[in-house]
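Q: These are the residues of each chain, in order.
Protein chains: 2
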Amino acid sequence: MFTSRLECPKCSATYACEEIHHLCTCGSPLLVRYDLDKVRENMSKEKVAGRPADLWRYRELLPVVDKENIVTMGEGMTPLLKLDRLGREMGMTNLYLKDEGVIPSGTFKARGAAVGVSRARELGVKTLAMPTNGNAGGAWALYCAKAGIECVVVMPQDAPQIPRSECAIANATLYLVNGLISDAGKIVAQAVKENHWYDASTLKEPYRIEGKKTMGLELAEQFGWEMPDVILYPTGGGVGIIGIYKALNELKEIGWIQGRLPRLVAVQATGCAPIVRAWEAKARESEFWENAGTCAFGITVPKAIGDFLVLEAVYDTDGCAVAISDEDTLAAESMLASIEGAFVCPEGAACLAATRQLLADGWIDPNERVVLLNTGCGIKYPETVKSNPPLLQPGDTLPELPASP
Amino acid sequence: MFTSRLECPKCSATYACEEIHHLCTCGSPLLVRYDLDKVRENMSKEKVAGRPADLWRYRELLPVVDKENIVTMGEGMTPLLKLDRLGREMGMTNLYLKDEGVIPSGTFKARGAAVGVSRARELGVKTLAMPTNGNAGGAWALYCAKAGIECVVVMPQDAPQIPRSECAIANATLYLVNGLISDAGKIVAQAVKENHWYDASTLKEPYRIEGKKTMGLELAEQFGWEMPDVILYPTGGGVGIIGIYKALNELKEIGWIQGRLPRLVAVQATGCAPIVRAWEAKARESEFWENAGTCAFGITVPKAIGDFLVLEAVYDTDGCAVAISDEDTLAAESMLASIEGAFVCPEGAACLAATRQLLADGWIDPNERVVLLNTGCGIKYPETVKSNPPLLQPGDTLPELPASP
Numbered sequence: 005m006f007t008s009r010l011e012c013p014k015c016s017a018t019y020a021c022e023e024i025h026h027l028c029t030c031g032s033p034l035l036v037r038y039d040l041d042k043v044r045e046n047m048s049k050e051k052v053a054g055r056p057a058d059l060w061r062y063r064e065l066l067p068v069v070d071k072e073n074i075v076t077m078g079e080g081m082t083p084l085l086k087l088d089r090l091g092r093e094m095g096m097t098n099l100y101l102k103d104e105g106v107i108p109s110g111t112f113k114a115r116g117a118a119v120g121v122s123r124a125r126e127l128g129v130k131t132l133a134m135p136t137n138g139n140a141g142g143a144w145a146l147y148c149a150k151a152g153i154e155c156v157v158v159m160p161q162d163a164p165q166i167p168r169s170e171c172a173i174a175n176a177t178l179y180l181v182n183g184l185i186s187d188a189g190k191i192v193a194q195a196v197k198e199n200h201w202y203d204a205s206t207l208k209e210p211y212r213i214e215g216k217k218t219m220g221l222e223l224a225e226q227f228g229w230e231m232p233d234v235i236l237y238p239t240g241g242g243v244g245i246i247g248i249y250k251a252l253n254e255l256k257e258i259g260w261i262q263g264r265l266p267r268l269v270a271v272q273a274t275g276c277a278p279i280v281r282a283w284e285a286k287a288r289e290s291e292f293w294e295n296a297g298t299c300a301f302g303i304t305v306p307k308a309i310g311d312f313l314v315l316e317a318v319y320d321t322d323g324c325a326v327a328i329s330d331e332d333t334l335a336a337e338s339m340l341a342s343i344e345g346a347f348v349c350p351e352g353a354a355c356l357a358a359t360r361q362l363l364a365d366g367w368i369d370p371n372e373r374v375v376l377l378n379t380g381c382g383i384k385y386p387e388t389v390k391s392n393p394p395l396l397q398p399g400d401t402l403p404e405l406p407a408s409p
Numbered sequence: 005m006f007t008s009r010l011e012c013p014k015c016s017a018t019y020a021c022e023e024i025h026h027l028c029t030c031g032s033p034l035l036v037r038y039d040l041d042k043v044r045e046n047m048s049k050e051k052v053a054g055r056p057a058d059l060w061r062y063r064e065l066l067p068v069v070d071k072e073n074i075v076t077m078g079e080g081m082t083p084l085l086k087l088d089r090l091g092r093e094m095g096m097t098n099l100y101l102k103d104e105g106v107i108p109s110g111t112f113k114a115r116g117a118a119v120g121v122s123r124a125r126e127l128g129v130k131t132l133a134m135p136t137n138g139n140a141g142g143a144w145a146l147y148c149a150k151a152g153i154e155c156v157v158v159m160p161q162d163a164p165q166i167p168r169s170e171c172a173i174a175n176a177t178l179y180l181v182n183g184l185i186s187d188a189g190k191i192v193a194q195a196v197k198e199n200h201w202y203d204a205s206t207l208k209e210p211y212r213i214e215g216k217k218t219m220g221l222e223l224a225e226q227f228g229w230e231m232p233d234v235i236l237y238p239t240g241g242g243v244g245i246i247g248i249y250k251a252l253n254e255l256k257e258i259g260w261i262q263g264r265l266p267r268l269v270a271v272q273a274t275g276c277a278p279i280v281r282a283w284e285a286k287a288r289e290s291e292f293w294e295n296a297g298t299c300a301f302g303i304t305v306p307k308a309i310g311d312f313l314v315l316e317a318v319y320d321t322d323g324c325a326v327a328i329s330d331e332d333t334l335a336a337e338s339m340l341a342s343i344e345g346a347f348v349c350p351e352g353a354a355c356l357a358a359t360r361q362l363l364a365d366g367w368i369d370p371n372e373r374v375v376l377l378n379t380g381c382g383i384k385y386p387e388t389v390k391s392n393p394p395l396l397q398p399g400d401t402l403p404e405l406p407a408s409p
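Protein chains in written order, with the working numbering: chain A, 5 to 409; chain B, 5 to 409.
Quick caveat, the hints were computed from the structure, so don't treat them as lab data. Honestly, I wouldn't trust all of these hints.
No distinction is drawn between identical chains; accordingly, a pair holds when it is met within one copy or between any pair of copies.
To be verified - Derived EDC-like pairs (lysine to aspartate or glutamate); straight-line CA-CA distance at most 20 Å:
hint, residue 1, residue 2
1, Lys-49, Glu-11
2, Lys-390, Asp-162
3, Lys-190, Glu-291
4, Lys-190, Asp-400
5, Lys-286, Glu-22
6, Lys-71, Asp-39
7, Lys-190, Glu-404
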């Protein structure tokens with residue numbers, strides 16, 4: 005395929021793609037670089053349009069060399085939905101939802117797992133390990149099962165429950181930790197060193213991001229290779245926003261899109277907003293966020309290893325960073341379901357709350373094309389919805405329907 | 005569009021499509037008929053191939069007249085996966101999974117809801133009501149929310165929990181009943197009569213099945229308009245199997261597929277197997293199954309109103325009906341996840357158990373093309389997986405990895 009090298013975005017050191025590499029010697033994550041001239045010659049919009057509706061339709065911009073190594077469950081080309089009812093209510097004419105709940109394992113983590121595990125298989129990996137806030141662990145456990153790779157997962161005790169079932173049924177080795185993902189990360193780092201396992205932690209291997217970037221490729225294709233004005237992304241480790249930014253730059257370089265990139269908005273929770281604090285201070289890196297906590301558990305990342313890349317994507321596109329309270333997030337989750345029928349995860353709902361805030365502030369114009377990136381399905385977060393339905397006995401009649409509000 | 009009439013498959017009475025109709029005066033469900041000559045003239049495989057990857061790509065074979073009435077969340081064109089690892093283990097060369105977990109709300113019920121709610125909106129419906137084993141209620145609640153239709157749902161107290169959250173967040177009016185779906189059905193029938201609501205019970209309106217039939221259309225397209233040999237389908241109300249059978253006959257009539265239809269297999273649970281019992285007795289209808297119960301809750305239907313249509317589809321295609329124990333179902337769920345990374349619902353897993361049984365019996369040949377229809381994602385059934393991971397403290401080291409089996 006068309007990968008040319010692994011490159012450090014901090015010190016520009018390069019490494020061979022054919023070898024297993026994790027972080028640069030300077031400590032930064034590595035990014036996959038492609039021979040984009042060759043990609044331009046070998047890939048066309050028409051060719052892509054004729055391929056199956058999954059993320060492998062962009063294979064020239066993906067790092068797997070031999071297609072026999074691809075581990076796929078049909079992930080990708082998730083729906084892009086126009087939210088007309090909600091838009092009307094908010095006075096917006098072009099509000100969209102990219103729904104990553106409609107994917108194997110129910111979250112966008114399937115993209116990183118599909119490409120990351122495929123490439124790990126290609127590199128001959130037998131055992132990999134990772135810390136997770138839940139969904140990445142579930143997705144990697146399932147893709148590893150299909151690939152025949154042993155998978156070791158460490159997640160916070162307070163993470164949502166359903167990913168535990170995914171790990172268990174996939175036969176992964178799962179541990180809980182009485183702490184945050186940062187504590188899980190330290191335990192994994194130590195174990196990886198001792199056991200010579202492949203470290204699949206966020207951005208500690210360069211291929212997960214290549215899977216996540218396909219969200220950007222799909223958005224471009226779904227918008228007819230024209231860019232929306234704003235993309236809001238719930239930011240924990242930030243791989244998705246870095247990936248989207250990378251994807252759009254690659255598409256620009258091969259000439260498939262033109263002009264200004266969309267303004268990228270990093271959405272965080274008021275209970276864990278290191279990127280927002282850094283952005284407000286115009287800093288290039290974030291500080292560790294003490295006592296992190298939010299109902300949007302997936303974005304409880306006190307200090308992301310790729311924080312400088314997230315901030316670069318935000319600064320470079322004239323984007324911004326916004327922190328949302330749990331109260332506003334849960335209200336937005338309700339709005340999306342009751343008005344648009346979309347039962348999204350709290351992380352995705354936070355993007356709607358952020359849009360309302362930025363619209364009120366005048367940062368978003370009511371006629372701009374705005375995309376909420378929902379990273380997962382609400383059915384993985386049943387605990388965010390309260391329900392106490394009345395119990396009937398067989399033969400009962402229904403009480404009169406309460407009047408509509 | 006190309007609908008011509010509603011027709012009773014029992015007494016052949018016909019009704020106008022433009023009016024709201026439920027059951028035939030003879031008590032049978034009604035089926036939508038199309039002017040298939042016009043469909044043949046106006047629809048082509050090439051046209052379909054160029055459309056978005058959702059079920060509306062088959063719109064000439066769907067009952068919605070004005071596309072403004074379509075209520076969609078991008079449902080359909082779910083993955084068809086070849087199960088090579090599992091196939092090898094079972095000595096089969098052509099084992100496939102059609103994965104209906106990758107769809108809004110996480111189950112195939114989204115298909116019936118999308119088409120049923122769209123058509124209800126077109127017919128001017130303001131309030132609808134339905135009994136459900138859970139997932140249909142969740143899906144219809146969400147699609148109704150998007151359509152602005154009031155939705156009343158009655159489900160068994162013992163149904164899985166997550167659909168309650170879907171109903172609640174969609175603002176549906178939800179009741180539980182201390183009984184089975186048959187008890188819920190009686191309560192809904194009474195309420196519909198008293199309140200003049202639209203009855204959206206299984207097969208009591210003719211459009212849900214049109215949504216479900218798109219599974220058959222997609223299978224045909226995904227197999228390159230050649231038919232597999234066997235399709236196994238977990239059968240409760242049976243709308244899916246009736247729909248697939250209807251779809252394949254319509255495709256045959258417009259000349260898109262030729263030859264023998266696949267043998268359709270109705271898979272049930274030993275704890276609720278009225279169709280299997282009827283098939284073993286060569287009967288045309290089933291008897292009410294007393295004391296029904298199984299972990300595959302979605303197929304706990306003691307007596308389906310469309311039982312004669314399910315049995316017709318099975319008899320006419322030289323199919324069969326198989327009952328699976330909960331133990332075999334849960335073992336199959338585990339196998340699919342640990343070998344193929346597919347975390348399916350128990351209903352879908354029962355199809356794998358049935359395949360093993362039919363293969364052992366010689367009813368399925370190891371080289372036949374066999375499709376397991378998985379009706380929903382496993383993440384909606386976390387209670388079917390046991391998980392008791394060890395708890396670590398920050399700073400702990402991981403114990404040595406247990407040796408692979």
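Q: Look at each hint and say if it fits the structure.
A: Now the hints, each set against the structure:
With identical chains, the CA atoms of Lys-49 and Glu-11 are never at most 20 Å apart, being 27 Å at best within one copy and 45 Å at best between copies. For the identical chains of this complex, Lys-390 and Asp-162 are neighbours both inside a copy (19 Å) and across copies (18 Å), given an alpha-carbon limit of 20 Å. Taking the shortest Cα distances, Lys-190 and Glu-291 sit within 20 Å of each other inside one copy (17 Å), while across copies they are farther apart (60 Å). Only between protomers do Lys-190 and Asp-400 lie at most 20 Å apart by alpha-carbon distance; the minimum there is 9 Å, versus 57 Å within a single protomer.
Taking CA atoms no more than 20 Å apart as the test, Lys-286 paired with Glu-22 passes in neither setting, with 38 Å inside one copy and 62 Å between copies. Taking the shortest alpha-carbon separations for Lys-71 and Asp-39, only the intra-copy value of 19 Å comes in at or below 20 Å, while the best inter-copy value is 44 Å. In this assembly of identical chains, the alpha carbons of Lys-190 and Glu-404 lie at most 20 Å apart only when taken from different copies (16 Å versus 57 Å within one copy).
Checked against the numbered hints above, the structure breaks hints 1, 5 and satisfies the rest.
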